[in-house]
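Q: Sequence:
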Amino acid sequence: MPELPEVETIRAALAPRLEGRRLARVEILDPRLTRPYDLFEVAEELEGDRVVAVERRGKYLLLRLESGLGLLVHLRMTGGFHWRETTHERALLELDDGTRLAYRDVRRFGTWLVLEDAELEPYLAAKNGPEPLGPRFTSRWLGERLARRRAPLKAVLLDQRVVAGLGNIYADEALWRARLNPLRPASSVEPDETRRLVRAIRAALAAGIERQGSTFSDYRTPDGASGSMQDEFRVYGREGLPCPRCRTPIAKTRAGGRGTWYCPTCQPAT
DNA sequence: ACCTCGTCCTGGTTGC
DNA sequence: TGCAACCAGGACGAGG
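Going by the numbering used here, the first residue of the first sequence is number 173, and it counts up by one from there.
Note that these hints are calculated values from the structure, not bench results. There could be a bad hint or two in this list.
[To be verified] With beta-carbon atoms standing in for the labels, derived distance ranges:
#: 1; residue 1: Lys299; residue 2: Arg426; range: 18 to 26 angstroms
#: 2; residue 1: Tyr295; residue 2: Pro416; range: 35 to 43 angstroms
#: 3; residue 1: Thr259; residue 2: Ala290; range: 34 to 42 angstroms
[What the hints assert, rightly or not] Simulated pairs of lysine to any residue, SDA-like, Cα-Cα distance not exceeding 20 angstroms:
#: 4; residue 1: Lys424; residue 2: Pro440
#: 5; residue 1: Lys424; residue 2: Glu404
#: 6; residue 1: Lys299; residue 2: Met173
#: 7; residue 1: Lys424; residue 2: Arg321
#: 8; residue 1: Lys299; residue 2: Arg333
#: 9; residue 1: Lys424; residue 2: Leu413
#: 10; residue 1: Lys424; residue 2: Ala441
#: 11; residue 1: Lys299; residue 2: Thr310
#: 12; residue 1: Lys299; residue 2: Phe309
#: 13; residue 1: Lys424; residue 2: Thr437
#: 14; residue 1: Lys424; residue 2: Asp403
#: 15; residue 1: Lys299; residue 2: Arg321
#: 16; residue 1: Lys299; residue 2: Asp289
#: 17; residue 1: Lys299; residue 2: Arg207
#: 18; residue 1: Lys424; residue 2: Gly412
By construction, the Cβ of each residue, glycine as well, lies at the ideal position given by its N, Cα and C atoms.
Hey, can you work out the whole structure from these sequences and the hints?
A: So this is what it looks like as structure tokens:
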């Protein structure tokens, strides 16, 4: 499931080969991709437009086009781009250099949205809080958001308006690094714990980017390569295995409706 | 306003 | 061995 490190890895792989290229052909193979809008006409409109930048905001990929339009892609669970032919292709981009770029999405949760230049910023700002690796994500900001929420800490971290880009995996990994229990009410987190959490979120995501994301089911880079972050998971998916810090068996619970792994010793309930 | 839960979707895993 | 039920989860909408 692509989270910030996986989306950033995909962005970095696409940018050098997309930027400056014209979209010679745009084909939507699965109409669900653009639901609730009908993108078939817009797809035609995109043809001939030139990609000027490939950006990432939270878990969104943004293809900025010369005309001012932006193609906003959310990969959800199983979306991804592939330079080579693959299965479960839901859309195709053909570039003016003859290159074929396929959009693959087994489970079809992913979405494509085309917005005008002026609409992009308001849309992204409404969906996403600060970038966790950027200067706006401070312990003060996070502390203010946590203070007003009684939901489990992990559930609040999965709220993209609080911090953009965390998903189920990196939320668990960050909480382990910060030694915080995922089920604690968010408002119970103290200022020094919030500072630890900010550093832990940054470290967990930076490690993921460095390792080109984590591949254990579906995610691949556009070149078909696997990430290696899954070999570095401290808690995610490791029920019963020893905590890397204290050797206590990792426990599994549910938080915010999601499978949640943590160390009962390092991450005590209170 | 906040919180929880169901929904979307498919393939891999589990259990009988 | 076969097949159905279950499970995974990001975002969103319904309902409390």
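Q: Holds or violated: are the alpha carbons of Lys299 and Met173 at most 20 angstroms from each other?
A: holds (19 angstroms)
Q: State, for the Cβ atoms of Lys299 and Arg426, whether the hinted interval 18 to 26 angstroms holds or is violated.
A: Between Lys299 and Arg426, where Cβ atoms are some 25 angstroms apart, the hint holds.
Q: For a C-alpha distance cap of 20 angstroms, please report whether Lys424 and Leu413 respect it.
A: Judged against 20 angstroms, a Cα distance of about 11 angstroms means the pair holds.
Q: Taking only the CA atoms, is the gap from Lys424 to Ala441 under or equal to 20 angstroms?
A: holds (14 angstroms)
Q: What's the verdict on Lys299 and Thr310, does the C-alpha distance respect the 20 angstroms limit or exceed it?
A: holds (19 angstroms)
Q: Hey, Lys424 versus Thr437, does the alpha-carbon distance stay inside 20 angstroms?
A: holds (13 angstroms)
Q: Given the hinted pair Lys424 and Gly412, is their Cα-Cα distance within 20 angstroms?
A: holds (8 angstroms)
Q: For the pair supplied as a hint, Lys424 and Asp403, confirm whether the alpha-carbon distance does not exceed 20 angstroms.
A: The given pair, whose Cα atoms are some 19 angstroms apart, holds under the 20 angstroms limit.
Q: Between Lys299 and Arg207, is the straight-line Cα distance small enough, at 20 angstroms or below?
A: The hint holds at about 17 angstroms.
Q: Could you grab the alpha-carbon distance between Lys299 and Phe309 and see if it respects the 20 angstroms cut-off?
A: The hint holds at about 15 angstroms.
Q: Given the hinted pair Lys299 and Arg321, is their Cα-Cα distance within 20 angstroms?
A: holds (18 angstroms)
Q: Evaluate the given range 35 to 43 angstroms for the C-beta pair formed by Tyr295 and Pro416.
A: Taking Cβ atoms as reference, Tyr295 and Pro416 lie about 40 angstroms apart, which means the hint holds.
The structure shown violates just one earlier hint, number 7.
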